[in-house]
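Take these sequences, add in the hints, and give me the full structure.
Residue numbers (this note's numbering), protein chains in the order written: chain A, 1 to 138; chain B, 139 to 254.
In short, the hints are calculated from the structure, not lab data. Ideal Cβ placement from N, Cα and C applies to all residues, glycine included. Any given hint could turn out to be false.
[Stated by the list, open to error] Label-pair restraints from in silico Cβ distances:
no., chain 1, residue 1, chain 2, residue 2, range
1, A, H32, B, T248, 26 to 32 Å
2, B, T248, A, D123, 55 to 61 Å
3, B, T212, A, D88, 43 to 49 Å
4, B, Q187, A, E113, 22 to 28 Å
5, A, Q57, B, F146, 51 to 57 Å
6, B, E175, A, A70, 49 to 55 Å
7, B, Q187, A, D117, 44 to 50 Å
8, B, E142, A, A136, 33 to 39 Å
9, A, S137, B, W209, 18 to 24 Å
10, A, A136, B, W209, 30 to 36 Å
11, B, E175, A, E25, 32 to 38 Å
12, A, S31, B, T212, 45 to 51 Å
[Said to hold, decoys possible] Which chain A residues face chain B? A few, computed with CB under 8 Å, are given here:
no., residue
13, I5
14, I14
15, L18
16, S31
17, H32
18, Y36
19, R39
20, E43
21, E44
22, T47
23, L106
24, G107
25, D123
[Unchecked claim] Stretch-level coverage of chain B by chain A, calculated; a stretch enters the list once three of its residues show a Cβ under 8 Å from a Cβ in chain A:
no., region
26, 149–161
27, 186–196
28, 231–239
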Amino acid sequence: MRQHIEVPGEWASISTLLAFTDSLEACEVLSHEQCYLLRLVIEEIATNIVKYGYIEQPPGPIQVTCEYHASRLAITIRDRGRPFDPRDHPLPDFTSATAERSIGGLGLYFVCEMADDVHYHHDPTSGWNELIVTKAST
Amino acid sequence: MQIEHRSFNRVDLLAVAGRIDAATSPQLRQQVEALFEQGRYRLVLDLAQLEYISSPGLRVLIEARKRAREWKITDLEGGDIRIANLPPRIKEVFDLTGFTSLFEIYADVTAAVGSF
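Here it is in structure tokens:
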């Protein structure tokens, strides 16, 4: 299975991308864990691209490609916004037991923890960022 | 997301089903804030039918917990948000984020409501 979508990097596109995940879930080939991760990646990463990636420039594209082969799901998200490697984001503060603790970066932390592998590449020549998140069926 | 509300004498129960994501978390926030405005700070969230939660939903929970706990009758008695029927998939998310130790979590609604 291979599905691809491209949307403008703006808030209205998030619901389009979530509808895209609905259609992939409806195929019923993905495990529960893969469906959860797919929705999480699309929601958290696409939201970050809209919120921060295109903040200093007109919204460019967000491309999402989902490939499922041999029980392994690979989600590729590409954009031309400000380079940002989610693996470099500081961990949320889980040491404090108080409700006042910072929970910034929670979504990125989730994605990195729930995935089997997260690979990021920025091409300075073309300006494209590419994030590939993979998860096998369990 | 669907939210079903039941009011008991001292406690309010919100049964949340479906997905708490960026699109639906404002609805949960509004429902919780409406209860706070009525002076209702003892809440139980029944998450038995919850399929998905992402960071905007977790933010609503943690902020609501903070608000509820600010309301105190005595040092020992006051408001709180307590969880009932945490599904395994959502428990994984709670475990990853430390929410499991932050919230009081009960096996069923009766135990959660009775804990207040």
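Subject >> Indices of hints not satisfied (ascending) >> reply: 7, 9, 10, 13, 16, 25
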